[in-house]
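Protein chains in written order, with the working numbering: chain V, 1 to 265; chain W, 1 to 325; chain L, 1 to 427.
Hint data in this document are derived by calculation from the structure and do not stem from the laboratory. Note that this is a predicted model, so its numbers are computed, not measured. For glycine and all other residues, C-beta sits at the position ideal for the given N, C-alpha and C. Worth double-checking, as some hints may not be accurate.
Claimed, not checked - Straight line, CA to CA, 35 Å or less: simulated DSBU-like cross-link-like pairs of lysine-lysine:
id, chain 1, residue 1, chain 2, residue 2
1, W, Lys278, V, Lys39
2, L, Lys157, L, Lys179
3, L, Lys116, L, Lys226
4, W, Lys82, V, Lys37
What the hints assert, rightly or not - Over 10 Å on every C-beta distance to chain L, these chain V residues come out as not near it, computed from the model:
id, residue
5, Ala15
6, Leu139
7, Met159
8, Val183
9, Pro186
10, Leu187
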Amino acid sequence: MRAVRWIRRNLVVIAGVLTLAYLIVPNLVVLAFSFNKPKGRYNYTWNHFSTDAWRHPCGVPGMCGSLGLSLRIAVYATIGATVLGTMTAFALARYRFRGRAATNMLIFLPMAMPEVVMGASLGTLFLNMRIQFGFWTILIAHIMFCLSFVVTAVKARVMSMDPRLEQAAQDLYASPAQTFLRVTLPLAAPGIAAGALLSFALSFDDYIITSFNAGNSVTFPMYVWGSAQRGTPVQVNVIGTAMFLLAVVLVLAGQLVAGRRRARA
Amino acid sequence: MSGTATASVNRPPGSPGSPNGSGAAASASLPPELARAARRRRLVPYLLLLAGVAWLLVFFVAPMVYQASTSVQTGSLEAGFKVTWHFATYWDALHAYWPQFVRSLAYSAIATVLCLAIGYPLAYTIAFRAGRWRNVVMMLVIAPFFTSFLIRTLAWETILADQGPVVSFLNHVHVLDVTSWLGVTSGDRVMATPLAVVCGLTYNFLPFMVLPLYTSLERVDGRLHEAAGDLYATPFTTFRKVTFPLSLPGVVAGTLLTFIPASGDYINAELLGSTNQKMVGSVIQSQFLRVLDYPTAAALSFILMAVILAIVTVYIRRAGTEELV
Amino acid sequence: MTTPRTTPGSTPDPAPGSAPGATPETVPAAASGTAPAPGTDSAAAPTPDAPPDAVLLGGLGKRYGSFTAVHPLDLAVPKGSFFALLGASGCGKTTTLRMIAGLEPPTSGSVRLGGKDVTALPAYKRPVNTVFQNYALFPHLDIFENVAFGLRRRGIKSVKKQVGEMLDLVQLGPLARRKPHQLSGGQQQRVAVARALINQPEVLLLDEPLGALDLKLRRQMQLELKRIQTEVGITFIHVTHDQEEAMTMADTVAVMNAGRVEQMGAPADLYENPASTFVANFLGTSNLIEAEVASVAGGVLHLTTAGGPLTLPAARCAVPAAVGGKVLAGVRPEKITLAHRDDEQRIPAGRNRVTGRIADSSFIGVSTQFVVDSPVGAALEVFVPNVDRDQRLVPGAEVVLHWNPEHTFGLDAAQDIDAGTDEEEAA
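Given the sequences, and given the hints that come with them, work out the whole structure.
If you want it as structure tokens, here you go:
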């Protein structure tokens with residue numbers, strides 16, 4: 001009877017934990033199969049334990065090159081989208097001007113548009129302008145779809161900032177430039193960082209839009225897609241797991257630093 | 001200090017008749033430096049917007065317009081394409097690919113409902129029951145993002161593999177018999193069935209549901225639960241009458257963020273389904289990249305866009321929240 | 001120059017000398033009773049160009065489209081004074097303050113600080129500092145850096161000693177390395193004051209500085225701010241909606257209403273001689289009785305009301321009164337003595353008296369507050385100190401209200417009799 005009551009009381013938590021498992025299990029599978037030594041080309045069934053792939057992460061032709069391209073594009077796209085997006089966000093959050101509602105709509109639309117539509121349209125445009133597909137077309141596309149997410153993240157942060165803080169800075173002899181550098185930017189930083197991080201993740205992971213604008217360039221997701229037909233090398237699991245662990249370590253480190261800072265203060 | 005302030009109040013100089021001062025006289029007395037500064041301030045937002053808006057106009061809006069024109073062009077790759085107002089492309093595209101359209105909308109709608117159903121308990125748990133585990137659980141929700149979308153979808157191939165433990169178990173307890181009877185799986189397989197595709201879609205877009213749900217649930221004051229309980233509401237009534245209505249903005253945002261990308265997705269259908277589970281995204285992609293029939297690809301994506309925008313608009317109106325925009 | 005009186009909301013000018021037509025004998029009489037002699041002298045002889053005023057506003061106004069937030073305002077605040085702008089929320093007091101600070105561009109007029117025109121200067125070039133409402137402490141900087149902010153922006157490198165001294169002045173030395181959110185409200189308030197004062201501004205502007213504190217802390221900080229002001233001798237301009245706060249701290253109070261200054265003067269002067277119904281009701285409580293002038297004799301106005309005759313010293317009437325003219329006769333609740341009807345014979349002759357019936361009474365410790373219905377108006381208020389409590393004074397009892405006619409003041413009857421009564425709760 002007590003067990004039944006316990007289950008009833010914690011039904012939501014049990015359901016939540018099951019959902020969480022649903023989210024995490026594929027990552028665990030990726031992790032486990034990064035230590036597999038598959039029989040044949042397909043890494044779907046467990047054969048036997050091996051650290052080969054971890055010792056030779058670049059042991060398959062083309063993969064690390066595509067990884068490099070993806071990272072390079074992600075870095076540039078993040079910088080581009082963050083700079084443009086932050087400026088746009090400040091304009092939208094801080095000023096009332098003609099065309100503000102239209103601009104908000106323009107920012108919202110790319111997020112409400114299926115990727116395949118955006119990718120195909122931009123690809124058509126490049127094609128007809130006879131622009132050579134490659135690094136630059138991918139970068140342009142990535143900045144385009146990351147921009148809205150940066151604007152949204154930064155705008156939310158800037159709107160929640162107390163405008164009196166900047167007025168206080170001006171009142172305390174800070175010129176507009178100093179006010180921006182010493183007060184506005186540090187206060188908006190968490191929003192900008194969130195937008196940048198999101199941009200990086202979106203750009204690094206994008207397959208659909210990229211596939212329409214890449215030409216012969218192969219990004220990491222495109223490599224994975226291509227290899228899925230022929231049989232994915234184990235190294236792909238290694239990269240996936242490494243990214244996952246890196247993210248977890250970074251988040252934990254961030255938590256630790258924040259916790260330490262709180263404890264010291 | 002005991003100095004009493006000297007003052008004559010509300011007396012605009014030079015306008016003895018009206019204590020209020022007229023607007024024109026008032027602004028005339030404004031120093032030109034201030035007027036210049038005010039003019040410059042009005043320009044600032046436009047300067048800030050310039051680059052970002054230009055980028056979107058050139059690389060988002062212009063392609064859309066171009067897409068519209070492409071969709072009514074005819075021609076071939078060799079001879080070039082011309083605008084001939086050939087609206088029949090739309091009709092032909094719909095006629096040929098309506099099953100993929102319907103499938104896309106159906107699969108993404110089901111995946112959205114499933115995401116809501118299983119994502120809500122998770123978001124609720126994080127918001128109200130996780131306690132000091134909150135940050136850890138949040139991290140676990142976000143961390144999968146950092147492993148490539150494709151790699152994780154491929155992991156489902158392993159999980160749902162025909163001889164794998166999951167399928168064997170489901171077969172053993174006769175779940176697959178039921179699902180086969182319902183027509184969502186076929187025989188002993190889960191791979192290459194609608195069930196696999198919907199599972200994949202649900203999995204892939206679940207974080208997009210959980211995060212906005214969590215954000216809006218987190219804002220719900222825990223004391224409201226106590227207040228509702230104090231006012232004779234059972235836990236279920238409390239949820240139905242208090243918690244859920246307050247989390248509606250999150251529900252709206254989450255369903256949109258799940259439905260929109262899911263409807264255009266074709267990766268799950270390609271990797272986890274067979275040709276019988278193809279979605280409209282696959283068609284657009286292959287028309288564009290393989291068949292090189294740009295007008296059809298354009299017409300299809302234009303139809304998809306129109307359908308999505310219509311659904312989103314109606315949905316936002318019905319839900320009564322325009323916070324997203 | 002005569003200030004128009006016909007428009008509701010416009011005010012008789014209280015400042016002596018600047019308004020020759022406005023019953024000149026009224027204000028000096030009251031002022032001499034409250035302010036020390038030097039103060040009265042300087043007030044009586046306003047010579048705008050003698051020592052430069054700390055703040056001199058010339059027709060300073062602010063409009064937003066068709067809405068006028070602040071009507072063109074002339075105002076001079078002498079160096080070293082503690083000046084309060086008092087009014088309900090939305091009356092334009094904060095806008096005025098922000099225009100002085102340079103945070104809000106005026107739509108008309110000029111601002112002079114210490115004789116220098118700063119109208120066109122941006123906030124960061126003006127020698128004023130502000131203590132913001134809710135303090136606006138920089139959350140990403142610790143207390144030390146918050147206080148050092150202004151010095152650093154002006155290129156001062158070695159700030160350590162100055163900041164240390166300033167933190168000691170506000171008794172926050174040991175908390176220098178805390179972040180603002182780790183401090184209590186009172187501590188944050190003192191950081192905000194320190195952060196502004198360290199720059200030794202010509203004028204310190206305080207925007208509702210105590211609004212976020214609880215009552216007890218507010219009392220304490222009022223005294224604290226007063227102490228600091230006396231110590232550093234800097235001109236303070238203090239914006240508040242709390243009349244008690246304004247009267248406790250400031251040596252001059254300007255009462256603002258709907259974008260205008262209604263009346264200005266020393267706190268006691270304002271309280272004793274309100275010039276408008278708004279001031280009478282907003283500062284404390286007033287009983288206002290509609291009356292008509294029956295005769296004028298020997299500097300005394302004889303009035304008739306619905307409840308019998310009253311007398312009013314002509315000098316205390318804010319409007320020129322002629323026989324047959326309407327006025328409002330006012331009296332503060334604590335000036336009134338309450339006698340039971342049975343004791344009417346014992347009331348000395350020559351006092352103003354009104355009969356009525358007690359509608360309500362509430363005991364609040366130091367005094368009992370009565371609400372009395374009478375023919376001259378419903379709900380007259382009377383505060384009776386609890387010295388010897390008369391057991392007969394209970395709701396329903398017939399009573400006589402009486403007071404020294406000298407305590408009666410007269411107001412223009414053309415105004416809204418209730419102006420300023422509910423503003424206090426709204427603010």
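Beyond 10 Å from every chain L Cβ - status for Leu139 (chain V) | holds (33 Å)
Is Lys278 (chain W) close enough to Lys39 (chain V), meaning Cα to Cα at most 35 Å?
-> holds (30 Å)
So is Pro186 (chain V) really clear of chain L, every C-beta pair being over 10 Å apart?
-> violated (5 Å)
Would the least Cβ to Cβ distance between Met159 (chain V) and chain L come out above 10 Å?
-> holds (16 Å)
Has the given pair, Lys82 (chain W) with Lys37 (chain V), been kept, meaning a C-alpha gap of at most 35 Å?
-> violated (54 Å)
For the pair we were handed, Lys116 (chain L) and Lys226 (chain L), check the Cα-Cα distance against 35 Å.
-> holds (27 Å)
Does Val183 (chain V) sit more than 10 Å from chain L, CB to CB?
-> Its Cβ does come within 10 Å of chain L, the nearest being 6 Å, so this is violated.
For Leu187 (chain V), which was marked as not at the interface, is the minimum beta-carbon distance to chain L over 10 Å?
-> Non-interface label on Leu187 (chain V) violated, nearest chain L Cβ at 6 Å vs cutoff 10 Å.
Would the pair Lys157 (chain L) and Lys179 (chain L) pass a check requiring their Cα atoms to be no farther apart than 35 Å?
-> Cα-Cα ~22 Å, so holds.
10 Å cut-off, C-beta based - Ala15 (chain V) kept clear of every residue in chain L = For Ala15 (chain V), whose nearest Cβ neighbour in chain L is about 36 Å away, the distance exceeds 10 Å, so it holds.
The structure is inconsistent with the numbered hints 4, 8, 9, 10, although it conforms to all the rest.
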